[in-house]
Structures are given as structure tokens and as C-alpha cells.
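Next come the chains, spelled out residue by residue.
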Amino acid sequence: SAVISQKPSRDICQRGTSLTIQCQVDSQVTMMFWYRQQPGQSLTLIATANQGSEATYESGFVIDKFPISRPNLTFSTLTVSNMSPEDSSIYLCSVSLAGGRETQYFGPGTRLLVL
Amino acid sequence: SQQGEEDPQALSIQEGENATMNCSYKTSINNLQWYRQNSGRGLVHLILIRSNEREKHSGRLRVTLDTSKKSSSLLITASRAADTASYFCATGLKTSYDKVIFGPGTSLSVIP
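Those protein sequences? They're chains U and S, same order as listed. Following my numbering, the residues of the first sequence are numbered contiguously, the last one being 115. Following my numbering, the residues of the second sequence are numbered contiguously, the last one being 112.
Careful, some of the hints might be misleading.
[Stated by the list, open to error] Interface residues of chain S toward chain U, partial, derived using beta-carbon atoms under 7 Å: (1) 16; (2) 45; (3) 92.
Honestly, the hints are just simulated from the structure, not real lab data. Built from N, CA and C at the ideal position, the CB exists for glycine as well.
If we strip away everything but chain U, and leave its shape as in the complex, we get (with noise of 0.2 Å):
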């Protein structure tokens, strides 16, 4: 398994700023995983971010709305950007031990309202 915290926990951020999200895993992974939850929603998948590689995003999302970094293999951040209204969500990340398609394992999320 792997244990992986999230900074912050949450935030109340004003329209046209930014946030940072951190994720920082307690074992080296390959694969890591951005999801958005929006209220009452299920998870979509924003981007998968390996190390050493460009993120790759899922249809709908950009990365100048989502930029991704990767520097080593035990963190990631994601940033959004621009904030309207429509971001407030919780924002997760993941890993996976054994490749994107086996059990990934979860941060505590972060929550997050823009007004």
C-alpha cells in the first residue's frame, strides 16, 4: 500500500486566482493520478502524471488550466488556474503500485471553494 498526504486540506480562493495542490507519496511510484470531484459527483480523471514524461490530460481538461508537475517520483502538484465558480470541487491524488488500472490508492483530498 502507500500512504499519501495532501496540502492543503482545503481552501477559499477568490475568481482569477490560482491554487497549488500538493501530493506527497511515503514510497516511490511511477504513476500518479489528478482527480476532480465535483459536489455530489463522482471522480473524473484530470491528468495522469508520470515522472519524467509531460502529464497526459483527459479530454476537457488543458494544461493551462491544469498545469502538472512531477520532479520526483514521491510528488506531484497540480495547480488551478484562472479559478471561476465552476472549480470548487475536491481535488485527489493517487497512486498506483502495479499500473494505472490495479487499486490505486488515495490522498485525503482537497477541498476547495472559489467565490
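Guided by the hints, dock chain S onto chain U, whose structure is given.
Just chain S now, kept in the frame of chain U:
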């Protein structure tokens, strides 16, 4: 796009009763997973069942998989108030090695 659909969307039962949640999917899978989420926090992996398996147990959890019907069920026996949470199925596709797709989830309330 979401591959899985779950029903019911919401389920309320008395403590001690069994809870059954269902998940249907559309395309061929390598595996199907169930996760629990308490009060909007991170998800916890419960169980993974592979496409060549039909049933799997873990403690009070029993998962079945019917690939001919493209459906799975999660049974929680002798439910407890602490089982109150949202439950999501997620499918690992045969055609994609690098991600899973989550269903919409079932919200379970266990009344003491």
C-alpha cells in the same frame, strides 16, 4: 465518459441488515474495483475482482462479477453505522493499461 452505472443511487438500511449495491459497465474489462468514500474524503480501496473471477470475499464484503451481463454487485453483510459512506465501482479496461473509470456511486446510510 463514465463507463459504469450504479444502482441504487442512495440506500438507507437499519444496522444489522445487508446492503447490496450494483454496478453495470459497457466495455470489456480487465478488472472491477470497489472503493468507499467517507464524507467527501479520500477513497479507500475495498476489493478488486478480475474478469476471470466470479466471486470474491473480504471480511463482511462479498463481490460478484458477471461478465456476460457486464455487471457486478457489492454485498455488505451485517451492516454497521460506520459503513455509512459512498461506494464507487471503478473499471480497469482491457484496452487501457493506465487508468480506471469510476461509476457515479451509491450513497449508503446505515441507521443505528
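Would you settle whether the hint for residue 16 of chain S is holds or violated, based on the nearest Cβ-Cβ distance to chain U being less than 7 Å?
Interface hint status for residue 16 of chain S: violated (28 Å vs cutoff 7 Å).
Restraint outcome when residue 92 of chain S is required to lie within 7 Å of chain U by C-beta distance
Given a least distance of 3 Å, the restraint on residue 92 of chain S holds.
May I ask you to test the interface hint for residue 45 of chain S with respect to chain U, counting a Cβ-Cβ separation under 7 Å as satisfied?
At 5 Å from the nearest chain U Cβ, residue 45 of chain S passes the 7 Å test, so the hint holds.
In the structure shown, a violation is registered for the earlier hint numbered 1 alone.
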